[in-house]
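Engineer: Note that the protein sequences, when read in sequence, are chains A and B.
Following numbering that gives the first Met the number 0, the numbering of the first sequence begins with 0 at its first residue and continues without gaps.
Following numbering that gives the first Met the number 0, the numbering of the second sequence begins with 0 at its first residue and continues without gaps.
The hints are simulated quantities; they were obtained by calculation from the structure and are not laboratory data.
We treat Cβ as the ideally placed atom computed from N, Cα and C, and that holds for glycine.
One should not assume that every hint holds.
[To be verified] If we take Cβ atoms under 10 Å as the criterion, some of the chain B residues that face chain A in the derived model are:
(1) Val74
(2) Ile80
(3) Pro82
(4) Ser91
(5) Gln92
(6) Ala96
(7) Leu100
(8) Glu101
(9) Asn119
(10) Leu121
(11) His236
(12) Cys249
[Stated by the list, open to error] For lysine-lysine, the following DSS-like pairs were computed, each having C-alpha atoms within a straight-line distance of at most 27 Å:
(13) Lys43(A) x Lys111(B)
(14) Lys180(B) x Lys135(B)
(15) Lys216(B) x Lys184(B)
(16) Lys135(B) x Lys172(B)
(17) Lys189(A) x Lys111(B)
(18) Lys135(B) x Lys189(A)
(19) Lys180(B) x Lys216(B)
Next come the chains, spelled out residue by residue.
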Amino acid sequence: MDMRILTNMPMPARRFKQAALLLVAVGALLTVSACREDMQNQPKYVPLRESSFFPDQRSARLPVEGTIARGQLEDDSLLYTGKVDGKESAELPFAMTAADMQRGRERYNIYCSPCHSQLGDGNGMIVQRGFKKPPSYFEPRLVQAPIGHFFNVMTRGYGAMAEYSSQVPVADRWRIAAYIRALQLTQTAKGTDVPAGVTVASHAPTEGEAPKEAK
Amino acid sequence: MAQIFHRSANSIAKASILGGLILVVGLLWAALQLQRSPYFTYAGVARPQPVPFPHQHHVAGLGIDCRYCHTTVEVSGFAGIPPTRTCMNCHSQIWTAAPMLEPVRESLRTGKSLVWTRANDLPDFVYFDHSIHVNKGVGCNTCHGRVDQMPLMYNQASLQMEWCLNCHRDPAKNLRPHYVKEDPKNPATMGDQIFNMAYQEPSDSHPVTIREGNTYKTFTSQTGPDGLGTYLAAVNHVRSPRDITSCNTCHR
């Protein structure tokens with residue numbers, strides 16, 4: 000507001016103007032403090048926020064059935080199902096590096112060891128508290144199973160075991176499968192399996208960065 | 000003309016000016032402390048939840064990793080709250096008759112969501128991202144406290160701007176390595192230290208050894224030129240305090 004106009008006005012009008020200004024100021028303050036609430040909880044969706052629009056009150060919506068996002072066609076049967084021509088594959092869909100194996104070990108310890116134990120003998124903490132005991136990975140049947148079987152069990156679940164595809168992304172599931180293979184080998188490995196000139200560390204190699212991004 | 004005021008009025012006047020000032024400053028200080036107090040920030044106050052989910056039992060008691068449930072904490076801004084199915088991975092067979100878990104079973108039967116009450120809730124005008132903190136070496140318990148000792152979840156920090164800035168001004172003091180040299184006798188040295196609730200920063204009596212290339216490097220202090228935090232800030236390329244204290248880091 001232009002102050003000059005105000006001061007040139009006759010007294011009563013000036014009083015009125017001042018009162019009006021005061022009112023506007025108080026009003027503005029009130030609106031600002033009301034805005035604070037609006038700014039704190041803005042009418043937008045943050046992950047998992049309750050929605051009053053959808054009947055099930057979920058703001059997280061499933062895509063319309065049949066929708067395929069770019070890059071998610073999942074047309075690589077081996078990578079996404081672990082199967083080739085309907086049979087569990089004995090091949091990996093991508094080459095495993097040492098870093099992949101490390102990540103496999105880390106993911107295995109997070110998602111599988113509660114039941115299967117870090118050793119793989121099926122005696123994890125949750126089993127000790129009463130969950131059905133899974134078979135040991137060292138059973139001949141599982142030692143002979145193709146690697147696609149492990150991927151498949153994680154992806155679809157198996158008997159009493161739930162599926163882990165929603166918790167573990169697909170590439171990590173393959174890394175876990177590869178790590179289980181390595182665990183199985185630990186039981187039968189001999190000193191002569193180590194190539195000449197290579198020393199085996201007494202501790203497992205987890206230090207250093209495992210690849211963080213998942214496929 | 001007779002004196003209207005007694006001589007002592009002088010000192011009373013002075014004292015009351017001083018007293019008034021002290022009162023005003025005191026009130027301001029009290030107000031500032033009050034708005035930092037748990038009464039306003041809710042720090043340390045557990046909220047009512049549909050199921051009294053005990054982190055203590057699941058994390059310390061059973062040894063379940065945070066990422067088993069908070070699956071996206073390393074890769075996204077949002078840490079993720081586990082869906083009903085995740086609980087049912089185990090509770091399909093464990094405590095299947097416990098009335099305490101009835102809301103979980105009902106949610107699975109009917110498909111209705113479990114509605115948790117948030118403990119940590121920033122205003123919507125603040126941008127926060129878990130993944131960068133986790134990947135650059137800030138541990139969960141630096142911000143959330145000893146979750147493994149919480150029978151019920153509460154927020155440990157005030158989550159006020161002051162609290163964020165205290166760290167952003169000197170992040171090195173709070174950085175930890177992802178991996179330390181493994182000691183088979185000490186399970187806490189296994190795996191990613193970000194999720195280790197009992198991680199201890201290096202000191203003379205408790206050195207921390209990490210791997211650097213093909214050798215090991217031992218630290219006996221967190222800060223200072225030889226400190227672990229200083230080292231990690233450099234190798235993780237942590238941006239300068241100037242960058243991460245600028246307003247548009249968090250208000251965008």
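Engineer: Could you run down the list of hints and mark each one as holding or not?
Structural biologist: Checked hints:
no.: 1; hint: Val74; result: holds (7 Å)
no.: 2; hint: Ile80; result: holds (6 Å)
no.: 3; hint: Pro82; result: holds (8 Å)
no.: 4; hint: Ser91; result: holds (7 Å)
no.: 5; hint: Gln92; result: holds (5 Å)
no.: 6; hint: Ala96; result: violated (12 Å)
no.: 7; hint: Leu100; result: violated (14 Å)
no.: 8; hint: Glu101; result: violated (19 Å)
no.: 9; hint: Asn119; result: violated (12 Å)
no.: 10; hint: Leu121; result: holds (9 Å)
no.: 11; hint: His236; result: violated (13 Å)
no.: 12; hint: Cys249; result: violated (14 Å)
no.: 13; hint: Lys43(A) x Lys111(B); result: holds (22 Å)
no.: 14; hint: Lys180(B) x Lys135(B); result: holds (19 Å)
no.: 15; hint: Lys216(B) x Lys184(B); result: holds (20 Å)
no.: 16; hint: Lys135(B) x Lys172(B); result: holds (13 Å)
no.: 17; hint: Lys189(A) x Lys111(B); result: violated (54 Å)
no.: 18; hint: Lys135(B) x Lys189(A); result: violated (40 Å)
no.: 19; hint: Lys180(B) x Lys216(B); result: holds (9 Å)
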